[in-house]
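2 protein chains.
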Amino acid sequence: MVNTKEIARLCGVSRGTVDRALNNRPGISPETKRKILKVAEEVGYRPNFIAKSLVTKKTMTIAIVVFDINNRIFSQIANAIETRARELGYFVYLTLTHKKPELEKEYIRYLVDRKVDGIILMSVNKGQEFEKYLRNLKVPIVTFGNKISDEFPFIWINDEKAIIDAVQYLASKNYEKLIYITPALRESNPSNNIYGPEQRLKGFNKAMKLHKNMESIVITDMNYIDTIDNISNLGNEKVAFLCSSDIYALDILKYAKNKGIHIPTEMGLMGFDNIDTIQYVTPSLATVGFSIEDIGIQLVNSLVDKIEGNEIPKRIQISHEIIEGETV
Amino acid sequence: MVNTKEIARLCGVSRGTVDRALNNRPGISPETKRKILKVAEEVGYRPNFIAKSLVTKKTMTIAIVVFDINNRIFSQIANAIETRARELGYFVYLTLTHKKPELEKEYIRYLVDRKVDGIILMSVNKGQEFEKYLRNLKVPIVTFGNKISDEFPFIWINDEKAIIDAVQYLASKNYEKLIYITPALRESNPSNNIYGPEQRLKGFNKAMKLHKNMESIVITDMNYIDTIDNISNLGNEKVAFLCSSDIYALDILKYAKNKGIHIPTEMGLMGFDNIDTIQYVTPSLATVGFSIEDIGIQLVNSLVDKIEGNEIPKRIQISHEIIEGETV
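Protein chains in written order, with the numbering used here: chain U, 1 to 328; chain X, 329 to 656.
These are computed hints drawn from the structure, not numbers from a lab. A virtual CB, placed ideally from N, CA and C, is assigned to each residue, including glycine. All the given hints hold, so there is nothing to weed out.
In the DSSO-like style, the derived pairs of lysine-lysine whose C-alpha atoms are separated by at most 27 Å in a straight line are:
no., chain 1, residue 1, chain 2, residue 2
1, U, Lys58, X, Lys466
2, U, Lys254, X, Lys582
3, U, Lys126, X, Lys363
4, X, Lys460, U, Lys38
5, X, Lys587, U, Lys257
6, U, Lys105, X, Lys363
7, X, Lys443, U, Lys105
8, U, Lys33, X, Lys454
9, X, Lys333, U, Lys138
10, X, Lys366, U, Lys132
11, U, Lys33, X, Lys443
12, U, Lys38, X, Lys454
13, U, Lys38, X, Lys466
14, U, Lys105, X, Lys333
15, X, Lys585, U, Lys257
16, U, Lys202, U, Lys238
17, X, Lys642, X, Lys428
18, X, Lys363, U, Lys99
19, U, Lys99, X, Lys366
20, X, Lys427, U, Lys35
21, X, Lys361, U, Lys115
22, X, Lys433, U, Lys38
23, U, Lys259, X, Lys582
24, X, Lys501, U, Lys257
25, U, Lys173, U, Lys238
26, U, Lys58, X, Lys443
27, X, Lys361, U, Lys138
28, U, Lys105, U, Lys115
29, U, Lys100, X, Lys366
30, X, Lys363, U, Lys138
31, X, Lys460, U, Lys35
32, X, Lys427, U, Lys38
33, U, Lys105, X, Lys361
34, X, Lys433, U, Lys115
35, U, Lys33, X, Lys433
The following label-pair restraints were derived from C-beta to C-beta distances:
no., chain 1, residue 1, chain 2, residue 2, range
36, U, Glu87, X, Lys501, 43 to 51 Å
37, X, Asp622, U, Asn310, 44 to 52 Å
38, U, Glu308, X, Glu415, 32 to 40 Å
39, U, Glu31, X, Asp554, 33 to 41 Å
40, U, Glu6, X, Val330, 39 to 47 Å
With the rest of the complex left out, here is chain U (with noise of 0.2 Å):
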């Protein structure tokens, strides 16, 4: 089989370099790089990634293990996460675990057997316990959504600033009524992590105390459609739905306009996310937002500092904005 020093003579350069283009690593023009793939490919060069990580311990491989891909928001994260870690040379593996926490845990156990270089996590799973197996795989690893404790770098925005920061806008319009919609909260088994929708949902009732005169409703379960189609009459007062996710926003929206309830003269809706599905509903969507892409871009280059044995910082806080929409 044809090896590097093979290669390295072909192309009449180092073997230094031909480790460089094959490695995807920096220092190298593109054109040589290119030049070598080729030689490489055309002499049917196979690099033996397997028993070489067994000595090399390196794989330039990062995993990305979140809940599912279904919510857009997950999606464009993933996508910002790809981007980055390409721009520094790492391949990335998406795994979904369905908010299920064994499978979470499988997942994570292969993806460390496989010697991926450090795993950026949306856990479903906490605990001490949780905690204690994460230690004792000892592989980098970077947090966002759910905090898993200060012990794991977690990257996000401070989402009770944000939901307190929505309840001040939505107090601005003069709503007297929040009708707060968060099924992540009782959706899920109550050992899960659900540390995102918690800090939301605390929130609001801190932004409850700071406005005192208005009226609040917090709706936790699954079926919040239902549920809201059961509250019969909205009231005199000017009532507004603040979701904790556009996702049940979007879904409201659906729901007010097969019901023929107008928005906003009717009901005022807000989302949070700020998901890229909502440019094409109108009215426009009232919510909150942040750069994907910048949380993307920490969360990479955080876990690729910790992985070349960088301390880095135990929270990177992503800023958050009121966007403005038709919907209030």
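Place chain X on chain U using the hints.
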């Protein structure tokens, strides 16, 4: 280090049963499996998958190689594949090629070097050189969306027939002029694989021969909104836009709303794919639908059959249907 023999002794089961539990194979009760996994975790058992895979050559991992997950159709297919693969005990890596031919080849080689058991591919590459490249990798491959050649099993709808049916539907609604939007035909490098869009265009051209009284325009550039905007007058005929993908139809819907063009009275609009995003849009979009779940199941079933050494069909055709909507 603890081995499977030791775990078998601790659990009072055979080593084969322990292997079943650890490798996620059938033929073991969930209860026994849970017990074994618990003991394995407690004693700190860590299978050396990489060393082991050098011997068994089976990793119970498959990979999806796809453009991106920006277009919902890909997210939905990836989700469907992942769900079916997990049912059959396979782990799934999702990798994104961003329509870059070299990156796609890099990813595929990378996955093969990491011993994935098989690959589900929507390719941006095509041609004899690429076919040879894939052939030499000697890994089971099934394809969707863009066919490569008869050599690589292709599981997808009949794109050509689907567009013919769409045109037939618009003709039945008395449209006199169709504007077909298919930017994929020009946005990419001419050497890229655009089999799917090509088949759809072929269908459109065939349909136009069947409906000789209808006028037609084909718009193939990515700035299709500008192009539409420059068609200063839609004329006196009844015009409909037919899009090769829902994402373009959503864009046009947004454009029409901004321009105050009423759909369907001033123009008709039809998409393709029936992505889940459109459920939130009003007026409801007419489109071409097909079972994304079926595609996922068939792709995984076929790939696993092939991995297990069985012959599989070269073509599995998934049926499509016209989804009526308020936009025509």
